[in-house]
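Letter by letter, the sequence shown follows residues -22 to -1, 1 to 563 in mature numbering (1 follows the signal peptide of the UniProt record, and there is no 0).
In short, the hints are calculated from the structure, not lab data.
Note that beta-carbon positions come from the ideal geometry of N, C-alpha and C, so glycine has one too.
One thing to keep in mind: the hints can contain errors.
What the hints assert, rightly or not - Calculated pairs, BS3-like style, for lysine-lysine (alpha carbon to alpha carbon, straight line, at most 25 Å):
| id | residue 1 | residue 2 |
| --- | --- | --- |
| 1 | Lys190 | Lys389 |
| 2 | Lys200 | Lys190 |
| 3 | Lys190 | Lys209 |
As the list claims (entries may be wrong) - Distance windows between CB atoms, simulated:
| id | residue 1 | residue 2 | range |
| --- | --- | --- | --- |
| 4 | Asp88 | Arg402 | 26 to 34 Å |
| 5 | Ser381 | Leu204 | 28 to 36 Å |
| 6 | Asn136 | Gln205 | 33 to 41 Å |
| 7 | Gly213 | Arg286 | 39 to 47 Å |
| 8 | Gly470 | Gly213 | 32 to 40 Å |
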Amino acid sequence: QLSHSPLLILLAVQIFTYSSKSRFTAAFCLPRSLSSRMLPTVISSVREANALSPRCLTCNRLSFFFLNKSLCLFQSNPTHQDLNTKAAWAQGYTGRGVVVTILDDGIEKDHPDLISNYDPEASYDVNDGDTDPQPRYTQRNENRHGTRCAGEVAAAANNGVCGVGVAYNAKIGGVRMLDGEVTDVVEAQSLSLNPQHIHIYSASWGPEDDGKSLDGPAKLAKEAFLQGITKGRSGLGSIFVWASGNGGREQDSCNCDGYTNSIYTLSISSTTQSGNVPWYSEPCSSTLATTFSSGNPGEKQIVTTDLRQKCTDSHTGTSASAPLAAGIIALALEANLNLTWRDMQHLVVRTSQPGRLSASDWKTNGVGHSYGYGLLDAGALVALAQNWTSVGPQRQCVNTMLSEPRDIGNKLVFSKSVDACWGRPEHVSSLEHVQARLTLSYNQRGKLAIHLISPLGTRSTLLFPRPNDFSSEGFNDWAFMTTHSWDEDPQGEWTLEIENVAPNGRDYGVLSQFTLILWGTGPSIVNPSSPDFPRPSNNSCKTFDAQQICIGEIDRPSAVTHEPLRLNRFICIGAGIQSLLPNRL
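All chains, full assembly: derive it from the sequences and hints.
Written out as structure tokens, the structure is:
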């Protein structure tokens, strides 16, 4: 953790007006301001509530868009795409009985659109060590981030205030943990709050989106994740929803973010209202799915609750996408509270919709580096969740791929066949996550692109080049992760490609370790001689709709804004014009 200089502390004192919860460490999380045309507009009026279904406010100007296409201005959405939330509501699911907490800078628990769903048992102030997650108020409302995220999940319906949450009958809490120094202890304490009561933890923060940082959870936070997925919810596993990051302008890669590329987090990216890749989006192979958020100037942003009991139509970036996903997942949990954390990821893979999302790298199995498996579909998710049969126990097959160091040069291609631990208890016959743990040196890390090709030919880009990354430290046992081979049989030849995309004749480096870790399930009968024992399949379709029909190859056309908070080595996921406030680096 990096300490803060006296100068920065002095500047923080000059900038902020402290409330009763203030202290010097409370000024570490600073926002980037958006451009003047994208500044929040305080909404002072709402439309009359509809007695049959929740409605959005000021629909003549904006929409709480893509809850479903019939809410607000459908005709303002030319691609006719939405999150199909109304279909889930029509099935009777509104999040009732599900508890979600927002890990952020606090939530305004007495906001008129949150108070009826506020859950004190899902809340804590880690920064000040008390049970009150109320944000610290300042003149610039820097600590608005968590309150905005909370409204997306569980803002009340039909009360004439702001908008409506995706899971408007869910209970919502908040953990105030970003308004201070973010240490390993702070993270672990936040991630492990009341895991037998809280179902879903939503986080919209991570390492600096600067295109050169390489960071992730430390020892205690890693243990908190592991304890959460093994013991949370009485052994079903806590569900951690994570924003994928907003470093697109800096050509960052979310596989260099150890939170969003963890197998334990459900990583969510963004798309614009027109179905394009946002300018802040980070492509990577660990993203599982996508929801809507802001785009370029003139495109709609997210309506939600704001500080001082107000509303905003300017919530942005992947910070706004993750809470929408958390709300949709809450609907699915209401449909089936027996779903494990892995069941939920399977359901997301099978029901997300890649159609009408514009990207250049869609695969025939309906997955890409910008959107994962596509746009979340709340209606399809809850429909499939209701009678879902839980997947088998998670298995881990570890394969040491490299026997001796290899020079990388300008390009290294290394292939090796694996048996996926065939005939052993850890045998994986159907993939979920794949990790490539790499140790390598290189004189300029940011020049490298790294690809992993599965036996069935699925090509995952584990690392896109990062022009801002001039580090010569390389990677030390860094776990790159891909979800792109979901459901594939991993037996066969795997290929790792490491390429220098800007060679100059003087570059050098060595790959010294390559461990391939296969996560997934095994056959129902662990008997290698059985004719029913799974064998590699040529079926490349891994994404299905609610009727289990293969989505297959889709004719798809072929770049969103968020307000980040910055602190020591972290920023809250967002994108916008750099603030004049001092950066906490």
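Checking against the hints above, which ones are violated? As far as the earlier hints go, 3, 4 are violated by this structure, in ascending order.
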